[in-house]
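Enquirer: Chain by chain, the residues run as shown.
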Amino acid sequence: MQMTNDNETWEPKIIAFCCNWCSYSGADLAGTNRLNYPANVKIIRVPCSCRINPMFILRAFQRGADGVIICGCHPGDCHYMTGNYHTRRRMTLLFSMLDYLGIEKERTRVEWVSAAEGQRFVDVMNDFVGQITKLGRCRRLEDLRCRTN
Amino acid sequence: MITRISADRLPELLKQISELEKLYIPVDKSDKVSVFEEYEPGKVMSTKLNTLRSAKDFFFPQVQPMAKFRMEGKKIEVIDPRTEAEDYCIFGVRACDVRSFDVLDRVFLADPVDTYYENRRKHATVVSFACSEPSETCFCHSFGIDAARPAGDARMWMTEDTIYLEGISGKGKALLEKLDLAALSAVTDEKAERDVQEEVRRVHEIQKKMPLYSLTPADNREKELEIFHSPIWKELSDKCLGCGSCTFVCPTCQCFDIEDFDGGHGVERYRCWDSCMYKDFTMMAAGTPRKTQLERFRQRFMHKLVYYPIRNEGMYSCVGCGRCLRRCPIHMNIVKVMKAMEEDAQCETKN
Amino acid sequence: MQKIGVFVCHCGTNIAATVDVEAVAEAARHVPGVVYATDYTYMCSQSGQDLIQDAVKKYGLTGVVVCSCSPRMHEKTFRKAVNAVGMNPYLLEIANIREQCSWVHKDKEIGTQKAIALMKAAVAKAELDSPLTAGETPVVKRALVIGGGIAGMQTALDIADAGYDVDIVEKNPTIGGKMAQLDKTFPTLDCSSCIVTPKMVEVGQNEKIHIYSYSEVTNVSGFVGNFKVTIKRKARYVDETKCTGCGLCTEKCPMKKAPNEFNLGLNNRTAVYIPFAQAVPKVATIDPNYCLMLNKGVCGLCSKVCGAGAINYKDTDKEIEVEYGAIVAATGYEIMDVSKYDEYAYSQSPDVVTSLEYERLMNAAGPTGGELLRPSDHKRPKTIVFVQCVGSRECDSTRGGKPYCSKICCMYTAKHAMLTKDHYPDTDIYVFYIDVRTPGKNFDEFYRRAVEQYGVHYIKGAVGKVTPENGKLIVQASDLLMNEQLTINADMVVLAAAIEPSHSARHLATMLTASMDTNDWFTEAHPKLRPVESPTAGVFLSGVCQGPKDIPETVAQAGAAASKVIGLLSKDKLAGNPCVAHSDEMMCTGCSQCADVCPYGAITYVDKEFRMRDRTTKVRRVAQVNPAVCQGCGACTVTCPSGAMDLNGFSNSEIMAEVDALCR
Amino acid sequence: MASNYTVTPEEILAISGVNPRKCMKCGRCTATCPAFDEMEYHPHQFVAMVESGRIEELMNSRSIYRCLSCMACIERCPRQVDPARLIEAVRLAVERKQGGNHLIPDQVPERLDADMPQQLLVSAYRKYTK
Amino acid sequence: MQDELKKRACELLADGTVNRVLGWSAGDFFYDITPTVFESAEDINKNFVYNDFCGANLSKYLIAESQKEGKIAVFLKPCDTYSFNQLMTEHRLKRENIYAVGIPCDGKVSAETLHDAGIHGILAVKKDGDDLVCDTVYGEKRMAFDVAQDERCRSCKSRKHVVYDELIGEEGEVLDSHRFDEVEKLEAMTPEERFNFWQGELSRCIRCNACRNVCPACNCELCVFDNPKSGVFSKAASNDFEDANFHIIRAFHVAGRCTDCGECSRVCPEHIPLHLLNRKFIKDIDTLYGDYQAGEKEGQMSPLSAFTEDRDAEPSIVQKGGIR
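Residue numbers (my numbering), protein chains in the order written: chain A, 1 to 149; chain B, 1 to 351; chain C, 1 to 664; chain D, 1 to 130; chain E, 1 to 324.
One chain only, chain A, in its complex shape (with noise of 0.2 angstroms):
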């Protein structure tokens, strides 16, 4: 590992799974209203958080990402009834046992926001940034041959 004095330079790489009907239009509504949030996180677009395997999250990690948060509607509101509910148990699971092999809990995020709101987007990647930046730079799932160099 040779990369130890670029953590000035360094910016969190953030990868946010939103679900097509609430949280991607909260982001959306975010911009619509110009609220600023850091550009490190970048958004997918997945029809349902239910949709998210654990392989993308573990992907994610592999290609140098920071943390992973993954955004969908409200349980209760999912489009499609049951989805949200499916990855609140398949993800409570999944960062309880990424956890448990030391991968910091702080890595990995499940919120809830509906299309209405866009402010919470906002303080809830405002607030993932500024944990992560905190954490510093994740290495122990980060595979070294997708460094750039």
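Hints listed in this document are in silico derivations from the structure and should not be mistaken for laboratory results.
Remember, predicted model here, so these are calculated numbers, not experimental data.
Among the clues, some could well be false.
[Unchecked claim] As a list, the in silico DSSO-like pairs of lysine-lysine whose alpha-carbon atoms are at most 27 angstroms apart: (1) E:LYS185 - B:LYS32; (2) C:LYS340 - D:LYS22; (3) C:LYS234 - C:LYS208.
Got chain A; can you put chains B, C, D and E on it based on the hints?
Expert: Okay, now just chains B, C, D and E, sitting in the frame of chain A:
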């Protein structure tokens, strides 16, 4: 010329070697786990019979980077990761694993030479370690290997209080010469020779008591097709889980696959162990040549006991280390296969 | 090799102000797979779309990425545009560089870098996009309404009005439902049967409507537009086509001890019966539990008197299978069994009645001919206690209590109190309430009338115990406002029992793969926006089966359900959503986990024969997704351990390619 | 120590294990209470008082000793608020305030005497056999 | 016990109940046990064994065997019956082709444990009271049976057979095991320590797939890691990520389905305590969603497919050390 040193000087001996070149010794990580590791002062050499993984890793590691393709936009640059290896010493290799190097050499060093293997192989000095307490799973003697007098560049015996060293090849002798043996109060004398002879005799006596002592492989070079079509394979392979543990712990299995990994900025091409027991082994667009577990199972054992000897003057590509006997989840191991082949052959002759 | 075109929109200055759009286009040109990239002021304008269309033709593009506003804005626009020049619309991807980039970042450098990353992710996904075509299925132009109460009748009438055939399946011998049993309706106090019986006649006479009375749905298969429904026609022992409903058989029948369901068992009827005078269809039914001929083989009187020769003792249950395009559940409600609430002595005294029983006791066509007489001694009650919320709003379900408010009790109790006072002004009426809930047009006015005009004693508090004693009912209760404990010697106690879903609803929901809440009310597809649709496509909800409602609400929902059905039946073919799950049968193990999580019941299993690599064949159970039913949530794709399930348009490899690109 | 002991509503809730906020003020507890006439505060008031934090008043009231622990209110309560449990908890709080604590069942027999009210025995019996 | 099983197996063949018997046979030693299908009484009398080393779970073999012609008898130890039920739940077995015989088990031993304890040259093993007595070339060696047992047997969850057509011996009970103790120890560590622990263990993984191929829950037609189209295809554990990724995904795929039979840890040639991953999921599921034992009943819904609308914990419940 055998040199004897007091056994409690072993750490100093190791330290001396490590000052000359990189040194690898077997280390016990726990009761259950022993592995080859780079020597550092304070590390204690394992006297376990065998490491979990075989010593083939040194020359034929599980993952061997072969090339890198760096991509910048639409430009591609090819990078050769090969660099000349430094000299290093592998200390404490058992007789069976030492023989496995010969088996692998005949594959990788035959024309065309595998440069990745050759690079690692030619820089290594192998110091073998005679077995003092063979186990019932050991059957190296079946393949003409003397566990009590292992091959290698140099060899070592260890009794309760003494270690004995002997150089074999030029490389091995040279290494021993470079050591300051006097500082270890080493003695080279007749007693050393006698002690070793006695130790070898003792071990041979023990071996005679082992259940696998009488196991002798038949020379099957003439019976290739007969064995290939034998009914034994179905029964044996039905039980096989097709997991591949045997191939991965085997010191002589040398199948590999070449894969590309796209890391986003470039592609890394690497070679990694593969197993002929896998259903996707040598998968091609049209499928695989061996479609059933029977064919795959047969392939592994035919290769070890028939095909390899045919091409290598009767040399088997099993060294009797016993790892597969211990690790196969369902104990469907090479000994059972050898015995089934033998029984089958006897039936044939009777008929 | 893919040939991708990238089109970067300025959106005036909306994007261009914080994103260097030219730099994004330039960066795109260096991305492997991209053969053309450009930027333009308004990509969504006609000339912008022309630009895309020209490039598709000129460069033979295999994929298009538009970097612009949210896909929720213009994905459809651009998909239509590329489709117009022969490209599959699902080969187009949007990179959202406005809402999720230029509008949320201020620094142009940062904005540009992020826009480039988003563009690359979209390109990565576009490279893996495959053309998708929505499947089409024909629609059977016939609807099924399950339940013939006011909800079912209204839905059927509205659908029939639009010219479509409708069948009603009703488990009772007549349609009409609960409303036919009511005396008056609140808050107008108009006669219930005067409203509902003309509707029943209208249904019976409508040539587009076919009534399967005394029938049940026993199996449902298929999916939206193409349901196959098995209807069991229970043996009636009377030929519907011959019976004229003259009623002669019911007069002659010697077996007169069958409890009269229509009057809730408050009196008896004959073994051959017509539930009530205005029944539709007006056809007699023989009750096999009581008929002497069917049980003992002696009698046969009805057959002898029937001039039409309609009686058939050898009748058996028959099953018929009918195809429908849409199904409406209108299964209504039942009154909860209050016998477990023994403190109210319902099972100890006949003078403790439920409100529906009280309704019959008040009804001119009821067992007492409309005169209010208490069941035990047929005397007129002088003091009547009404107990509210019996079984409703309960946390504890061990006695069958319901956590919900039954909604209609407050109003019908006020109605009962007033009607009673109207007929017998000297009656003392006490209503023990927890809350009085009167939201609705003219509802509170109605309730206040009971208090102010009629002097009904409304007491905030509950009844603790009812003890039958010497022909009286000793009611022990609390008055919370006065902070005192009361004892009332009542002649009758009327329990406002909770209403609960029809007991057959759960079984029906399973057949329909429609979901239900924990109380067995049908769940709507969206609680706000799709209140009359079930989450299962093609299944609609009408009336109380979805939750407690009064009559006008029920009728309104029935009409809404009808309009949804009409909307569905008006289509000749249904175009599906192509972004649906599909299973790779070679990999599927048939473990059923995907079906467990599918909220739509879109996954079924078949035993399929496979040719193995070694040329043997093997029969395996594999999952199949019905694309007409699947809505594309993707829950199954994650639950599938072998990765056999994947989602079109959001495949595993596509999402991972996006992850890779964004992490780069 | 003992005299400084103050009782918070949270403590009452922890002891009783019920949530008085679930009460919808139907009054079934009061309607059914056989000791109603003896009480200054009635079961439904108990619930309201605990909820609004008026614990001290309750502890000083004789009403809590009028409860027979007949559990009729628990039986009737539709919301699982179980007033009798709250009353029991308040009684326990009083005892704690006096420096006492839970009795263990073995200590009960030695404290029995002829003056002990019958209802206390019944109450203890119910408590310790649950 | 062995004789009783042999007798019963022969009877079942003789009376035509079955045409094959799935049991165990040994090779040169008493411990190199191989699951074997017997077709004749002769074969059974000659080769059938049932001893302390018969740890192999036979239920997975039934996936293929029950598809074949005729009925097969299978001997199932208590923990194997859980796997059997789970496979039934997942529609992987043809029940009508199986005759399940429940047999007792009081803990199994792997020869590896003896070897690792330095007992070599073993010629025979006997049980003597609470000890295993090994007759070796180097003299008699003793080891307490408790210590010699596989980890999974020391923390045995159940001696009860949850399914069988016939039971030989006495029925046991579900035990109050301490199988989560090790998991709890790990949870109590710092993330750093946990990470180092797991990296130390998982980095030894050689991706031989023994854990996967022996696992009754891993019965996919094609594993995602063998499927070039899955996006996670890879043959080698080329680095730390791949090591962890394989085992996390595998544990997740069997979560809610893993019966904790412990075969994965038994067969791992690198002695990686894989059961600690599966048990973490089991423990979390028990804590959050109520006790659930996969395979306890046929047709159970996996807790990962089920949910409650209002009682499920939010993912934020995961605190340091996961769910405690």
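Enquirer: Evaluate each hint against the coordinates.
Expert: How the hints compare with the structure:
Restraint check: the Cα-Cα separation between E:LYS185 and B:LYS32 comes to about 20 angstroms, which is no more than 27 angstroms; the hinted pair holds. For the hint pairing C:LYS340 with D:LYS22, the CA-to-CA distance comes to about 23 angstroms; that is within 27 angstroms, so the pair holds. Of the supplied pair hints, the one linking C:LYS234 and C:LYS208 holds, its CA atoms being roughly 23 angstroms apart against a limit of 27 angstroms.
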